[in-house]
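Student: In the order they appear, the protein sequences are chains A and B. So the first sequence is residues 1 to 181, counted in the working numbering. So the second sequence is residues 1 to 81, counted in the working numbering.
Hints are computed from structural coordinates only; laboratory data are not their basis. What you are looking at is a predicted structure, and each value in this text was computed from that prediction instead of being measured. Certain hints may be false.
Said to hold, decoys possible - Pulled from the structure, derived: some chain B residues nowhere near chain A, Cβ distances all over 10 Å: (1) E23; (2) E33; (3) H65.
Said to hold, decoys possible - Pair ranges (Cβ atoms, derived): (4) K78(A) with R6(B): 22 to 28 Å; (5) K72(A) with Q50(B): 30 to 36 Å; (6) E19(B) with R46(A): 30 to 36 Å; (7) H31(B) with A3(A): 48 to 54 Å; (8) S105(A) with R6(B): 39 to 45 Å; (9) K78(A) with Q50(B): 24 to 30 Å; (10) D103(A) with P61(B): 21 to 27 Å; (11) E40(B) with E9(A): 29 to 35 Å; (12) K57(B) with S105(A): 39 to 45 Å; (13) E66(B) with E143(A): 18 to 24 Å.
Note that the Cβ used here is the ideal one computed from N, Cα and C, for glycine as well.
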Amino acid sequence: MGAMEKIVERYENQLFTFGLKMCGHVQDAEDIVQETFLNAFRYLDRFREETKLRNWLFKIATRACIRKRRKKKCEPDKEISLESFVQKDGSHARYEIPDWSDDPSKNVLRSELKQVIDAAVLSLPTKYRLVFNLRDIEGFNTEETAEILGISAQSVKTRLHRARFFLREKISNHFVEGKVQ
Amino acid sequence: MKEDCRKYFERISEYLDGELDDEICRKIEAHLEECPECRECLNSLKKTIQLCKEAGKEAIPSDIHERLRSNLRQLLKRRSQ
């Protein structure tokens, strides 16, 4: 494999994380990683832009995630409205967002918190989840994300903004009410 | 939510991502100075993003890593034959 081995070594973790955050199942994430590498290696000899390799791999992985969702015949994407985060009485709500701790003595709390966050991310409608994972988890910028998803930069900004407010609401609700809604 | 708050609420993500020009940033910062509710909104959003980033780190399990290598080798071999 040679060059391919190096590519797998370098990107398998990132693609696995992306697949897991998009689908929520280890088996689906594994399928997405495998499908992504196989498709990429088919055309690798034509690929010359080293710096864009990561973007290209995520573009393939995104298509694999969307195909998987279609196969599962999921419901159509819901829209997230910014209005739902504005208090009807004109007041500002208070939000309880916990801190992440790397202290080993807090492993149990951290694991609970991770479950809450993972569930909240998975409850995002797909088109918002794709943008959130590419921008905030994988660190692509707005233009790169727009290119990977084939949408405008403005759509990336709008979806990211709504996804962040949605997640803030979900996470905070868990800690205020003791459950993920 | 007041009109000013509403106006900046819609752009707070772009502000956090450094995607706004200096003039709008200055206006937002001036508003944040005098509006504790918007400061709270900004901080809670910042904390949410940070938290999701921390929780977003995953490592591929070793059995999947091994299986993936082996499957890819076999599939690529079959393809080249």
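Student: If a hint holds in the structure, say so; if it doesn't, say that too.
Tutor: So, going through the hints one by one against the coordinates:
1. E23: 18 Å, holds
2. E33: Fine: 16 Å to the nearest Cβ keeps E33(B) off the interface.
3. H65: 7 Å, violated
4. K78(A) with R6(B): 22 to 28 Å: For R6(B) against K78(A), whose Cβ atoms are near 23 Å apart, the range 22 to 28 Å holds.
5. K72(A) with Q50(B): 30 to 36 Å: 31 Å, holds
6. E19(B) with R46(A): 30 to 36 Å: 34 Å, holds
7. H31(B) with A3(A): 48 to 54 Å: 52 Å, holds
8. S105(A) with R6(B): 39 to 45 Å: 43 Å, holds
9. K78(A) with Q50(B): 24 to 30 Å: 26 Å, holds
10. D103(A) with P61(B): 21 to 27 Å: The hint (21 to 27 Å, Cβ to Cβ) holds, given that D103(A) and P61(B) are roughly 25 Å apart.
11. E40(B) with E9(A): 29 to 35 Å: 44 Å, violated
12. K57(B) with S105(A): 39 to 45 Å: Because 19 Å falls outside the window, the suggested range is violated.
13. E66(B) with E143(A): 18 to 24 Å: Cβ of E66(B) to Cβ of E143(A): about 37 Å, so the range 18 to 24 Å is violated.
Going through the hint list in order, the structure does not satisfy hints 3, 11, 12 and 13.
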